[in-house]
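Chains as they are written, first to last, in this note's numbering: chain Y, 1 to 262; chain L, 1 to 262.
Bear in mind the hints are in silico, worked out from the structure with no lab data behind them.
Among the hints, a few may not be true.
In this list, chains with the same sequence are indistinguishable; a pair is considered to hold if it fits within one copy or across any two.
[Claimed, not checked] With a Cα cut of at most 27 Å, we get these calculated DSSO-like pairs of lysine-lysine: (1) 116 to 221; (2) 2 to 116; (3) 201 to 2; (4) 201 to 116; (5) 221 to 2.
Chain residues, written in single-letter form:
Protein chains: 2
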Amino acid sequence: MKIAAVQFAPAFGEVEANLRTCRNLVSSVEADLYVLPELALSGYLFESPEEAHSLAQDPEGSEIGAFADLAAERGSVIVVGFAERAGEAVFNSSVLVGPDGRRSVYRKIHLFYPEKDVFLPGDRPFEVVEAAGVRLGMMICFDWIFPESARSLALQGAEILCHPANLVLPYCQDAMVTRALENRVFAVTANRTGTEERVGKELTFTGLSEIVAPNGEILAKADTTGEAVITAEIDPGRARDKAVTPRNDAFGDRRPELYRLD
Amino acid sequence: MKIAAVQFAPAFGEVEANLRTCRNLVSSVEADLYVLPELALSGYLFESPEEAHSLAQDPEGSEIGAFADLAAERGSVIVVGFAERAGEAVFNSSVLVGPDGRRSVYRKIHLFYPEKDVFLPGDRPFEVVEAAGVRLGMMICFDWIFPESARSLALQGAEILCHPANLVLPYCQDAMVTRALENRVFAVTANRTGTEERVGKELTFTGLSEIVAPNGEILAKADTTGEAVITAEIDPGRARDKAVTPRNDAFGDRRPELYRLD
């Protein structure tokens, strides 16, 4: 199968324009799975929860519906980050839409600091979604720094980590190589680019979206700026083989009885 | 305090000569903590458990005693990897010797594949040792690929990961940056160099010993070959501060109730 990371700079508050950009980029390259950035429709630097709420989407609403239509049209799976409206609350979420119309939502569990003023933290465990015959796990941006995120997904059988991001620190892209290696899974980090200057802050996002193989090989990598759709042809079955050596298994060799993780 | 990683190529089976090399390298540079490679006294490629047993040391015996003398003489802590004789069994262990004569042993929990024919796997949990006013955690070589190793030590309060290694794969040195970052601890990887050709195998060890800070900065790094003692002046108190940002804490932000680690 062919998997893709879509990188671009969402325009703050311009939901319709960002949706068009997403559609154009997805339509520009054939793939079976597209991963798009975190908060791809709204932008990042909200001044208040109310502002985030006003720019948020209902997972069953028309904007996410447009992604479902796109997925159906292309026979593909799409994962995209968005501000999720849930009653009065807003979560920093991602949705997986399948060609069959399914929509699965992940609510970011580990919020990065400006987000703590705006979003509620995720309230549901890491979960694997089966779509197009592949087992997919979603994690968002800062979730990377907690090894438990990728580990939870991989131990539940995720073959591909779908990782929408709005990264501003320089560490994650290298760390995702470790995440792929230690869990023997594919990892698709779709990061945004561009700069946002709002609410007295200025953030520049680091791009360098990447696709990593279970052996740590970087299969594709984007630049630090600009739009890109990077792709890799993969066999997801590789992620079911946890062999590190002929006699070492990344999961079978674990010794939970000797760990102290409380 | 000043911490050091000692890198060299142990000569297979030459316990006395390797002990002299260790003594000379440790004595060549002042430090408060020295970390030496895995199996530093015996070499790596044993043809049988019996051969390993014949080249192994009792933690209370004279060879480890020589390290205790060296630690007392220099007022330092020394961590060194060795084949541990325990009755009829042999473990791939490391010992921490303090200037006060204390000896603490860690038995490698995750054996790399040629080791599975020779050693018993570690039978005791990851544990933190307090020495010279600092909290130290030992892990050995291949333990790196399991995020639970460093995590177990850090969650128990380790400030410095002492990591003797005989690395042959090229991934660990980069991954230790992630281990330091995700746990906000110092990490000292003391890797060996040289090539061993025995029992129908040939292994070349990758050197590149390194000292990493809690923010992922590589404070010192050795070459791929040869002997080296690399050092860094550090404040171990930095590892007690788990702040990633002013409002993110690497430990406080964990959400164990949402992880699935079984």
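Against the structure, the hints come out as follows:
1. 116 to 221: Neither. Shortest intra-copy (30 Å) and inter-copy (37 Å) distances fail the 27 Å Cα cut-off.
2. 2 to 116: neither (35 Å within a copy, 38 Å between copies)
3. 201 to 2: Classified as neither: same-chain Cα gap 38 Å, cross-chain 38 Å, threshold 27 Å.
4. 201 to 116: within (15 Å within a copy, 54 Å between copies)
5. 221 to 2: Classified as within: same-chain Cα gap 15 Å, cross-chain 38 Å, threshold 27 Å.
When the structure is compared with the earlier hints, violations turn up for hints 1, 2, 3 and for no others.
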